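Using the hints, build the complex out of the two chains.
From first to last, the protein sequence lines stand for chains P and U.
Position 168 of the first sequence, counting from 1, maps to 168 under this note's numbering, and the rest follow consecutively.
This note's numbering runs 1000 ahead of the 1-based position in the second sequence.
The hints are simulated quantities; they were obtained by calculation from the structure and are not laboratory data.
Since this is a predicted model, take the numbers as computed values, not measurements.
Positions of the beta carbon are idealized from the N, C-alpha and C atoms, including for glycine.
Incorrect hints may appear among the rest.
[Claimed, not checked] Some residues of chain U that are not near chain P, with every Cβ distance over 10 Å (derived): (1) L1030; (2) V1049; (3) A1178; (4) L1275; (5) V1285; (6) P1392; (7) E1440; (8) P1450; (9) R1452.
[Unchecked claim] Interface residues of chain U toward chain P, partial, derived using beta-carbon atoms under 10 Å: (10) L1156; (11) L1336; (12) G1369; (13) S1371; (14) M1389; (15) Q1405; (16) C1434; (17) R1435; (18) L1470; (19) V1471; (20) A1473; (21) E1474.
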Amino acid sequence: MTLNAWIPVFALMTSLIASLVIFALPEKGYRLRTAVNLVAALLKLGLVVVMVRGVFLGVDYGVSFTMVPGVTFVLKADAFSMMFAGLSAVLWLLTTIYAVGYLEDSPNRSRFFGFFSLCVASTMGIALAGNLFTFFLFYEMLTLSTYPLVVHRGTETALKAGRTYLIYTLTGGAVLLLAIAWLHGVAGDLPFREGGHFIDADPDIHRSLILIFMLLVAGLGVKAAIFPLHGWLPQAMVAPAPVSALLHAVAVVKAGAFGIVRVVYDIYGVEASSALGLLEPLSWLAAFTILYASVRALRQVDLKRRLAFSTVSQVSYIILGVSIFGPVAAVGGLVHLLHQGIMKITLFFCAGNYAETLGIHRIDEMDGAGRRMPGTSVAFTIGAFGMIGAPPLAGFITKWTMGSGSLAVNMDWVVVVLVFSSLLNAAYFLPVLYRLWFREAGVTWPHERHWGRLETSAWLYWPPLLTAAMTVMVGVLASLPFSPLSWAELIMLREYAP
Amino acid sequence: MTLWLMAGLLFTPLAWAVLTLLTDFTRGRLVTWGGILVQVLVSLGLWLVVSRDGGFYYALGGWQAPLGIELRVDGLAVTFVLLTAVVASACGFHAGVYIDPDKPWHRYFWPLFWFLWSGLNAVWLGGDLFNLYVGLELISLSAVGLVALGGKAGALRASLRYLLAALLGSLAYLLGVALIYGQFGTLSIAGIVFWLEEHPVPAGSSLALALMVAGLALKTALFPLHRWLPPAHGIAKSPVSALLSALVVKASFYIAARLWLELGEPLGNLAAAQLVGLLGSAAVVWGSWLACRQMELKQVVAYSSVAQIGYLFLLFPLTYSVSESVSLQAQQGITLQVISHALAKAAMFLAAGNLVLSTGSRRVDALTGVSRFLPFSLFSFALAGVSLMSLPPSGGFAAKWLLLQASLGSGQWWWVLVLLVGGLLSAVYVFRICRASFLESPETNQFYHPHRSLEIIPMILALLSLGLGLVSAEVLSVMALPFEEEGSP
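Just chain U, same shape as in the assembly (with noise of 0.2 Å):
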């Protein structure tokens, strides 16, 4: 049973794409909306599974690291297998109706999009650092692709940009990982940890895991190293901007995560987690003040993007010598950040999507009336910003929550000021843009109105990442959820 849940994960999402690589869009579509089904079924089954027998590790074919592909699979990883499902499917859905099946180069966006599919899960559910490159690699070059879709000039300079900054990226991952291979002998996380109970830390070793989680750091856009980002983001048709803000660039986050919290505690340091939170906060507020500041709603969209990754990097500090408690706190709040930022990033993109072929115009100052002419989509606007502003009931709320918790009972007192700017800051972009749709003039009447269903996914995604905050006591007990057996794999 399991097995085949394995499989229909890491291997159905590659058949989809070859068999939509060999039809035209319209084909494609249809063997999409099927794919769909079955992966978010899949999905569900393992989560499932996990949530009624625990966590295991799971050597695919019998074979064992280094040479096999190891799977780790618990609570948060089904977690994100089920968060891809839902986002990855409200974004095919709303691709198929959003995108123009005449174009004759849309026809790649469904093999791209199932590879992307693909490789996330193998990020997910990969326990190995060789086959988490694989994994990454995978995303980063669908993703790479699905941008230049676009196919006028901007995107193509956009994922150029975007490729270059994903591969500096990737080789200063591998080159942590090669590091790492030739001290520990092992590709295994759960290997590596077991090797360091018995030995000492070997010299260099603390350089690797810099590597590798500067390598990440640039993938996640950390300030300062975010400048492709809102490119990318922004120019991309907006079933794209959505999947990439809300799960591309927390793949890369969550390798950096895994790495930090099984490893950091012997290889890094205080100051390194300091400087790293520093980093996330001033991405926070930079960000944020970018998007204040941007003429084209999608820009806005995309630089908030970059403000709340920011948060996520909080982790490294409160995570480094505290106590136990105000860890797992820390760890908690962070997840709930990436699960509510990647409902409401996707709902936002995909709402935004739509003003902008309402109006017919990308830029900010164009909403002006619109918002009698599509309430609904300007709502869903308005309820994903509510997360990002973490304002409750969100999930974002929540979040900030636990993190506050975290901050205060770890004395580190300074994360609790970003937090609050943080909030008040994504209140200034999110308000801008009611503001500017809430303006009432006789002038503008002219606006198109997109299909029903376009309207109705970001309202699902909103909703979902705005309950998330009512639920969210439930949704950490089955992320908690131990291996059935601890120790070596």
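With the rest of the complex left out, here is chain P (with noise of 0.2 Å):
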């Protein structure tokens, strides 16, 4: 095999390996930990950059062996998976030196790490899957790695949330091993191809694909929290900031979008999917679910609770944009995966900032936290206009093309629910702005930390700020070649000209 072949199995080894030696190092081994951790994502985001351009030239990585009889377990990079292995990567970065300060004299923190290393690992493995049976691998492992980080804590709350996230998410495992088994018995293994394989199927086995298609669906939608599914999420926030961050932003989630758009274009193909009548189906499930979770946000007080059910529906945004036939909105569906991930990182971190350097959790008790810590808070403030979709940030570049590109098949109720998402957005996180900016503060903040010139720990106080920043780049620099747009614009193309 060439070198080329084997570059994915790089990217994959470094969180796995990383994720070993953590484990054997000892606990109080806390710079050498941290320095693996920093060189493993700065390696990872290395070959995920070099994957990137060679994608992008048209090279190919991939490599395959058969595991069990008549299914092949296939490693490949095309421009989609470069899109979530590029977005884990960067952000696997940020998120640990993030969770190097937030942990800093915690407990058990070998654990931590040595799992959280392999949850990215079942990321990148998921990015880089070339079938369904591969991803379904991963998919598993996410959930194994995940499990220990939500009960990080080891409380009874945590434990209960854990214990509500194995359910959600193993018996979703469980019907999508089941959905992936049929598909295998009714059309034999079938690689991730651009186009799909269906678009000529047989009309004798119309009915079994449109079960399985279901079936799949519900099993990968677990994870994307499309409503009813959805109910894990908002318990989950238990865990620890930087956990939150990588079910939210970098790994959970996303897998599940991932996995539909894997399966409505590079299993089914687009066209065949809209043939079956599959795509409406779900647009609606998507449209119901955004707008649904965004009321719910409403009325949540905790300021964790508050953006887990935003994540519920923005994450949908992707699923809305991929089940509109139609080239443009689908860029703007597969860009919010990026966008979504860069805005809600950096809410997510500013939350744990609060929390950890004034001990806020609630929302009422964030008057006037704007002026004790204004970095967090200006990345704060940019992360919400950038989910409420304010030009030129990042969720606006994802709304208007999803606008856009919806008007342009006709579609024009996406418009509305698109622009009444938004203001339900802004009704969520404009009095939460309010409060940060222009409140007096109380007397005392609950439990208040200092830490030298900055407002809190270096560790805590860069990674929102570079996420705040890429959040207007993504959108500034938008139509400049390897930005996120143009990438998906990239897959589009070959998604569409196969």
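Here is the structure:
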């Protein structure tokens, strides 16, 4: 095999090996552990950059072997995998930096960072999987490696949230396995392929295909938190902030959304999905989830819970985008995979900073926090405006592309949903911003801590500022090559003209 | 060469047994550790011979069946020989450190261990019904002895119960063998198949098959005949529990499966096949449910065995009157299930033993906080759990995938539900243990730290069962190796 075949394997291995090394390190090996983490994250980022360039130029990266009789294990890089891989590589680095600061002096850090790296390895595997079987492998590995993170604090609430998380995700996994095995029986081992496989499928298997599609979406929809399968996500916010970032932005919900996109585009093919009548119901479901979760978010008093419902709503943008049969709207959906990740991770970092520095968890405690923590609050404000869709930030690009795309294919109702959802976004974010900047602070904060010169620990301070800057940049520079938007356009170009 | 390998597999364990019978525990341990090395090399040698040249029949000492001992050495048999070598040596090494040499009756551990090993090899390689019976009895009696080594009243009660079940099972099996001999005049399985090719099926031979399978099902603890298993496996010393769950119950299943695959098509019927599958499914659901409710850690693991054994019996409906490709998938799936369960369950019992040793209590709720003190053993336990939950990339997952394919391919979708529900239920009991140990409670801070080697052995086994899924295609290709010459021996 050539070196190119090995690059995806190396990209997977960086975090896998980091995880094993970290498990083996003693609990007190704080510096060494941080170094291993950062080196692995940088190495992975480098490999991903190499692959992004290669995929753009049309280089083939791939490796496969027979794992179970009749099924192959395939790793390969295409334009879409690089999108997800790029997201997780960049955000892993930032989240690791953040987590080092966040977990300072807390117990069980070795376990935490070990599973954290394992999570990222699973995410990489999901991104690079070349067929549904391989995808499933890493999808389940992700479930198992996130459980110890969700229950990290070992309190009764954490364990309860962990149980809910497992019930949802493992059941979803079982349904997904059934669907994949069934599809394998019907059509054999299907690699992910631009344009899909079922454009002229035998009419005899149409009914099976429709049922399998429903099972696939149900199985993947648990992680993607589509209504009514979203119940685990708001509960899982008891986890430490870096874990929430991982769940909401880098790995878990993205894995579900990514899988649905794979199924629609690279297994069924968007034209076949549309012909089978599968896209329309999916778009309704996504639209309903967007509105429903926004309304629920309005009524939360806990900041992280509000953000959690906001995630439920925002992830469905991706689903809505791809379930509209039209390339421009789909570009909007795909680009949101990145945009939502960057914006949401900013918000969770900030929420974590407020909690760690001032002891704030509820929204009504946030009065005047902007003056005490200006850096964090600026980042939070940018993230919130991004979510609302204010130009020229990340969220605006998404909504604009999706809106104009759906108008182009005469699906005007989507624009109504987008506008309405933006109003709801504004309704649940603006009061928070108002409290941050315009209300007087109370006499004391619940648990204030001080770290030298900066408003908070440097480990916690810089990551949200960086991601906030990225939120601005992906919006302003959206038309440059290698921006998320251009990359999404490249994917769609390949999908619609395979 | 082959002769020496055969002798090495079947008779040298008996020699080790006698040698260790003559010495005390500590010297027996030295003999055993040397013996393990020899056995592993011999097993590996036979495995290499078969994977190079294919399988063969072998009449020991030149006598043909029914008088002599007929051996059938194929890919499946050598795979199990090798599996036994791996698991038994792991248990042997573990036991050498785990078992207290000061108790006088513990010196009997080694002889029983070696009798068990030679019985297992006899079953994997046996080609005629009577010698299979001899191997089976050797296994049962040494297993009962090993359970009784616990020494306390509970262990004696459990072993007595085990003995009764084993004897009853043997009796039913022997009755079936006698009927077969009366009808066919031979005890060689291949001979019977050969005979059936030329003659019509004699009346009453279905009864003989049913008797044998029922007896073997009792010895394998198929629901509802499972009641003897959890107390025996739960109360035995951890290395013993590991041996029993990983290998002993598989031996009787192995015979049942071979009888079914060779004779099921002419002698069995659809209703019986479905009934056995139904009992297996009931075992999966009921066993898992009970595992979720046990208060003692090792009982959880023991009931999990009842459930996992249930899957094996899906072999019967999934190979009866189905297409050849479906039947092959089912056989491959079951074989992988046997291997991955053996590795995972041995790992789990050994790790559970460590946890019990560390907390000083057998109870699940005593595990609070142990994740910080014994993370390595807990991690072995959880990794073995991944295989039991049949999540990727474990051998259990590959097995489940093949069984799902076989169920869907033969249109028997009802087994799909069993496979999925079984997986979820096993997740419940595995995570119940993890949850208990993740609880952070400042009260318990007194933990005993077991010897490092006790922690490493289960980890190796767990990793093997986890990695099996990645190489299952290669493992299955050796198992599928045909005989050099087809037809009659």
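Hints versus structure:
For L1030/U, the condition that its CB be more than 10 Å from all CB atoms of chain P holds, with the nearest at approximately 32 Å. Against chain P, the non-interface label of V1049/U holds: every CB pair exceeds 10 Å, the least being about 24 Å. Even its closest Cβ contact with chain P, about 39 Å, leaves A1178/U beyond 10 Å, as expected for a residue assigned away from the interface. Taking the minimum C-beta to C-beta distance to chain P, about 25 Å, the non-interface status of L1275/U holds against the 10 Å cut.
At the 10 Å boundary, the C-beta of V1285/U stays outside the reach of chain P, the nearest C-beta of that chain being 14 Å off. Listed as outside the interface, P1392/U is inconsistent with that label: its C-beta sits roughly 4 Å from the nearest C-beta of chain P, within the 10 Å cut-off. With a closest Cβ-Cβ approach of about 3 Å to chain P, E1440/U is found to fall inside the 10 Å limit, against its non-interface label. Non-interface status of P1450/U relative to chain P is upheld: no Cβ of that chain comes within 10 Å, the nearest being about 18 Å off.
At roughly 13 Å from the closest C-beta of chain P, the C-beta of R1452/U stays outside 10 Å, upholding its exclusion from the interface. A cut of 10 Å between beta carbons decides the hint on L1156/U: the least distance to chain P is about 39 Å, and the hint is violated. Checking L1336/U against chain P: minimum C-beta separation of about 8 Å stays under 10 Å; hint holds. Hint status for G1369/U: holds, given a least beta-carbon distance of 8 Å to chain P, under 10 Å.
Among the interface hints, the one on S1371/U holds; its C-beta lies about 8 Å from the nearest C-beta in chain P, closer than the 10 Å criterion. A cut of 10 Å between beta carbons decides the hint on M1389/U: the least distance to chain P is about 8 Å, and the hint holds. Checking Q1405/U against chain P by beta carbon gives a least distance of about 6 Å; that is within 10 Å, so the hint holds. Taking 10 Å as the C-beta cut-off, the interface hint given for C1434/U holds, the closest approach to chain P being about 8 Å.
Here the hint on R1435/U is kept, as its CB sits about 5 Å from the closest CB of chain P, short of 10 Å. The criterion of a C-beta within 10 Å of any C-beta in chain P is met by L1470/U, whose closest approach is roughly 6 Å, and the hint holds. The restraint placing V1471/U at the interface with chain P holds, with a minimum CB-CB distance near 8 Å, inside the 10 Å limit. Taken as an interface hint, A1473/U checks out: its beta carbon lies about 4 Å from the nearest beta carbon of chain P, inside 10 Å.
Because the closest C-beta pair between E1474/U and chain P is about 9 Å apart, less than 10 Å, the hint holds.
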